[in-house]
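**Student:** Based on the sequences and whatever the hints tell you, model everything.
Numbering that gives the first Met the number 0 puts the sequence shown at residues 0 to 148.
Possibly wrong hints are sitting among the right ones.
[To be verified] Each computed EDC-like pair below joins lysine to aspartate or glutamate, with the alpha-carbon atoms no more than 16 Å apart:
id : residue 1 : residue 2
1  : Lys145    : Glu131
2  : Lys136    : Glu91
3  : Lys145    : Glu59
In case anyone wonders, no lab produced these hints; they're calculated from the structure. Remember, predicted model here, so these are calculated numbers, not experimental data.
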Amino acid sequence: MIRWEKREDVNMTIVGRQSFQTQCPQDGGTNQKPCTGNSDAFFSEDLHSSLYFVNASVQEVVFASTTGTLVPCPAAGIPPVSLRWYLATGEEIYDVPGIRHVHPNGTLQIFPFPPSSFSTLIHDNTYYCTAENPSGKIRSQDVHIKAGE
Numbered sequence: 000m001i002r003w004e005k006r007e008d009v010n011m012t013i014v015g016r017q018s019f020q021t022q023c024p025q026d027g028g029t030n031q032k033p034c035t036g037n038s039d040a041f042f043s044e045d046l047h048s049s050l051y052f053v054n055a056s057v058q059e060v061v062f063a064s065t066t067g068t069l070v071p072c073p074a075a076g077i078p079p080v081s082l083r084w085y086l087a088t089g090e091e092i093y094d095v096p097g098i099r100h101v102h103p104n105g106t107l108q109i110f111p112f113p114p115s116s117f118s119t120l121i122h123d124n125t126y127y128c129t130a131e132n133p134s135g136k137i138r139s140q141d142v143h144i145k146a147g148e
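**Tutor:** Laid out in C-alpha cells, this is it:
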C-alpha cells in the first residue's frame, strides 16, 4: 500500500499524473490479477528556504594599494548559500595567492600590493557575486573594484 501525506509546512503542487500497473492478489489467495492505479506527481517547495540581498547598494569600492580591501558578497539565504565571485564578463574568478582570494564566507579579498604589481584585470575591474541554494540562484549588481593612489 502506498500512502501519501502532506506536511503542513510544505507547499505541494501537482505537476502530473503517473499511472502504474502491478500484480494484486485476487480474493486474498495466491491467484493474482493486474491492478492499475494512478498517483499524482508532486513537487514541493520548502517554505523555510530563501535567497536575499543583505546590502545591494555597493556599486564601487576604491581602495589604497597599500591596504588592500575586503568586499563581502551582499547575499545570504536559508539554507546556507554557496557564494561565488565573477568578472563582469561572466568568468568565475580564481584565487591568485597573495593577490586575490575568495574566503569561504564569500568575501572577496584583494591584498595590498606595490604599484609595480598593478594589474587591471585584478585591481581595476568589475565583479559580481552569486548566491545559490535549493531556492535558486541570485546575482548581485556589478561592483567596480579599483585600486586608488
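**Student:** Compare the structure with each hint and give your call.
**Tutor:** Here is how each hint holds up against the structure:
Between Lys145 and Glu131 the alpha-carbon distance is near 26 Å, which puts this suggested pair outside the 16 Å criterion. Pair hint Lys136 plus Glu91 holds up; C-alpha atoms about 15 Å apart against a cutoff of 16 Å. For the proposed pair Lys145 and Glu59, the alpha carbon gap of about 8 Å is at most 16 Å, so the pair holds.
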